[in-house]
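Novice: What follows is each chain in one-letter form.
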Amino acid sequence: MSATNTVSGMTAGRLGTQKLLHPSAQHPMLRLAVAVIILVVLVALPFVLAPYPLSLAGRALAFGLLVVSVDLLTGVMGMPTLGQVAYFGAGAYTAGLVGIHVSGSGLVQLAVGTLAGAALALVTGAVAVRTAGIVFLMITLAIGELAHISVGSLSVVGASNGLAGIPPVSVLPGGEPLIVPGYIYWWVLAVFVIGFVAATIVNRSPLGRSMRGVRDGELRLRALGQNTYSIKLIAYTIAGGVAGAAGTAWVAQTQFISPGDLGFDMAAFALLSVVLGGAGSLWGPVIGAGLVIFVRDWLGGYIEGRGTLLLGVVFVVAVYLLPRGVAGIKWRALRRKSSES
Amino acid sequence: MLAWFDANTATILNGLALGSVLFLIAVGLSLVFGTMDVLNLAHGAVSLMGAYVGVALYGAAPSTGMFLLAIAIAAGVGFASGGILAAMVSPVRNHLRQALLTLGMALIIAELLQEMFGADVRSVPVPEFLSSTVSMLGNPYPVYRLAMVAAGIVVAILLYIILERTRAGAIVRATVADRAMVEAIGIRTKVVLALVFGGGAALAAVGGLLAAPILGAQPGLDNQILLLALVIVVIGGLGSLRGALLGALVVGQVQTIGVSMVNEFASFLLFAALAAVLLFRPQGLLPARKGAHT
Numbered sequence: 001m002s003a004t005n006t007v008s009g010m011t012a013g014r015l016g017t018q019k020l021l022h023p024s025a026q027h028p029m030l031r032l033a034v035a036v037i038i039l040v041v042l043v044a045l046p047f048v049l050a051p052y053p054l055s056l057a058g059r060a061l062a063f064g065l066l067v068v069s070v071d072l073l074t075g076v077m078g079m080p081t082l083g084q085v086a087y088f089g090a091g092a093y094t095a096g097l098v099g100i101h102v103s104g105s106g107l108v109q110l111a112v113g114t115l116a117g118a119a120l121a122l123v124t125g126a127v128a129v130r131t132a133g134i135v136f137l138m139i140t141l142a143i144g145e146l147a148h149i150s151v152g153s154l155s156v157v158g159a160s161n162g163l164a165g166i167p168p169v170s171v172l173p174g175g176e177p178l179i180v181p182g183y184i185y186w187w188v189l190a191v192f193v194i195g196f197v198a199a200t201i202v203n204r205s206p207l208g209r210s211m212r213g214v215r216d217g218e219l220r221l222r223a224l225g226q227n228t229y230s231i232k233l234i235a236y237t238i239a240g241g242v243a244g245a246a247g248t249a250w251v252a253q254t255q256f257i258s259p260g261d262l263g264f265d266m267a268a269f270a271l272l273s274v275v276l277g278g279a280g281s282l283w284g285p286v287i288g289a290g291l292v293i294f295v296r297d298w299l300g301g302y303i304e305g306r307g308t309l310l311l312g313v314v315f316v317v318a319v320y321l322l323p324r325g326v327a328g329i330k331w332r333a334l335r336r337k338s339s340e341s
Numbered sequence: 342m343l344a345w346f347d348a349n350t351a352t353i354l355n356g357l358a359l360g361s362v363l364f365l366i367a368v369g370l371s372l373v374f375g376t377m378d379v380l381n382l383a384h385g386a387v388s389l390m391g392a393y394v395g396v397a398l399y400g401a402a403p404s405t406g407m408f409l410l411a412i413a414i415a416a417g418v419g420f421a422s423g424g425i426l427a428a429m430v431s432p433v434r435n436h437l438r439q440a441l442l443t444l445g446m447a448l449i450i451a452e453l454l455q456e457m458f459g460a461d462v463r464s465v466p467v468p469e470f471l472s473s474t475v476s477m478l479g480n481p482y483p484v485y486r487l488a489m490v491a492a493g494i495v496v497a498i499l500l501y502i503i504l505e506r507t508r509a510g511a512i513v514r515a516t517v518a519d520r521a522m523v524e525a526i527g528i529r530t531k532v533v534l535a536l537v538f539g540g541g542a543a544l545a546a547v548g549g550l551l552a553a554p555i556l557g558a559q560p561g562l563d564n565q566i567l568l569l570a571l572v573i574v575v576i577g578g579l580g581s582l583r584g585a586l587l588g589a590l591v592v593g594q595v596q597t598i599g600v601s602m603v604n605e606f607a608s609f610l611l612f613a614a615l616a617a618v619l620l621f622r623p624q625g626l627l628p629a630r631k632g633a634h635t
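Protein sequence lines correspond, in order, to chains A and B. Read left to right, the first sequence gives residues 1 to 341 (my numbering). Read left to right, the second sequence gives residues 342 to 635 (my numbering).
The shape of chain A in the complex, shown without the other chains (with noise of 0.2 angstroms):
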């Protein structure tokens, strides 16, 4: 095993040098120009998109910002977790229990949401960022199936039946709350774009940086005087933000959250996208979030709601075809892009 190691070590090492320069700057404008195409063909969607299919492609927008939040901690900083459904949970009951209770804001539900999911992750992250690796996964796999079975047994968030009858939102507290499904969808695009925003800034701050200097090599970073507890923390933390904020798109289009909403299926999902998407690029996890959506609640239908084993099979084939690992996808990829341009 000593051997894999330092081998695997040195390939990190020689690719985390030129990991540490973010791969879009090589080209800005075309990066640019293709986000702002595929932007305007979401927008456009209520207007091609029946109902269903309209509410499904919400659905995976907001299963795509819980993949970004993922990926913050496993592509971008190699800690590879099934917790995340833990924050997305708190950030849906929250803006569920807000939108019962209190306001029927979005942008207040979406506040506090937020604020539910990066507070769990402080507290439990405190615990888990403490760990690394294999080990970090089995930790916050217990916090997401803690997660699953506390809502699953607190009657105050209707227990295991899930909590029914939230209002649909409104934008503005006090506003006329959406009713059509393409202003509902408009919404969760708006949610998904703030979040994927933010996490690209993160992404490029010095933050980022850090991050990805835990991901290749903490001790370095240790033995150049950082404090990589706080910024695996803080990381961490944002994170669970990102996923709070996922969780309230979530309700939002679904007007409806159950514990079966933040289970093992939902966090392994979520791996899973991220994996097939492309460690590290924020974007690649995103089409992996629809790719996953599109598998399970699309097809699945057409074959009887076998969705899940089909991902099952999904997965077992994807550690078998990238044969590089998640590094590999995206290394492939950018060197075809290098030898095109």
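Some hints could be false.
Covered by chain B, according to a simulated footprint, are these stretches of chain A (three or more residues, beta-carbon under 8 angstroms) [unchecked claim]:
1. 49-60
2. 132-140
3. 243-253
4. 269-276
5. 308-319
Listed next, with one range per pair, are the computed distances between beta-carbon atoms [what the hints assert, rightly or not]:
6. B/A525 / A/A33: 54 to 64 angstroms
7. B/A521 / A/Y229: 48 to 58 angstroms
8. B/I503 / A/T200: 46 to 56 angstroms
9. B/A402 / A/L321: 44 to 54 angstroms
10. B/E605 / A/F256: 36 to 46 angstroms
Rather than coming from a laboratory, the hints here were simulated on the basis of the structure. Ideal Cβ placement from N, Cα and C applies to all residues, glycine included.
Chain A is already provided as a structure; the job is to place chain B on it using the hints.
Specialist: Coordinates of chain B only, in the frame set by chain A:
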């Protein structure tokens, strides 16, 4: 009848019984991690397979013979699935990808089980010859739960003897310590690791079977079992037999006392226990030394 119980005695004994079957399940997870360096996220699913073996066999006829047959079949099914998982995982080197692979297998197994046995809770009866009660401190107590404790003790002693006192155990410990050296003296370590993986999975399946009369069998139980096993392994320390034993006893008590006292917050207690151990002993209470499993 339960009303006659002196509440505390019963709770502690229940915790001991739960801890015993959790030990059977967690020790496999821990040993596979210790030897193969693989986190088997399909461990809970394998355990649920064992529970459904109970549903299929002595669920229909809770006789003594069926019970023994079910144990044998659960062990066989578990061993085979462990062997298959080991073969699938062995060409994959990266930790995250190994975890993803077993995660995918967990989803596949869980979906297939749901396909075969439905989404409802299936209760599993206590086998006939263990269905009586005995008097414990003046209170009647089910024999079956005492049998669970006995099973835990027997397996713990057997594992200790196998790992520490036999040639096979020496080979396993040597494989952990220095795989290349064991290969060099002509032992195929892949086979050794597959056998350990199979053994761990067999224990998980038997543990799931023994727990079935108490926990039942239903979709989702696999993840709860995996969660408890992970918490046990983290609390006890990775890769150590004693750690798994201590962790299982702690989690068994925290879980039963938590559910009986503050039902809605039992899972918070579990996290609190996990956090407390991680804060003060990040390596777990009784971590394995390299090459020593006890």
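Novice: Which of the stated hints cannot be reconciled with the structure, identified by number in ascending sequence?
Specialist: Numbers 1, 3, 7, 10 - these are the hints that the structure violates, sorted from lowest upward.
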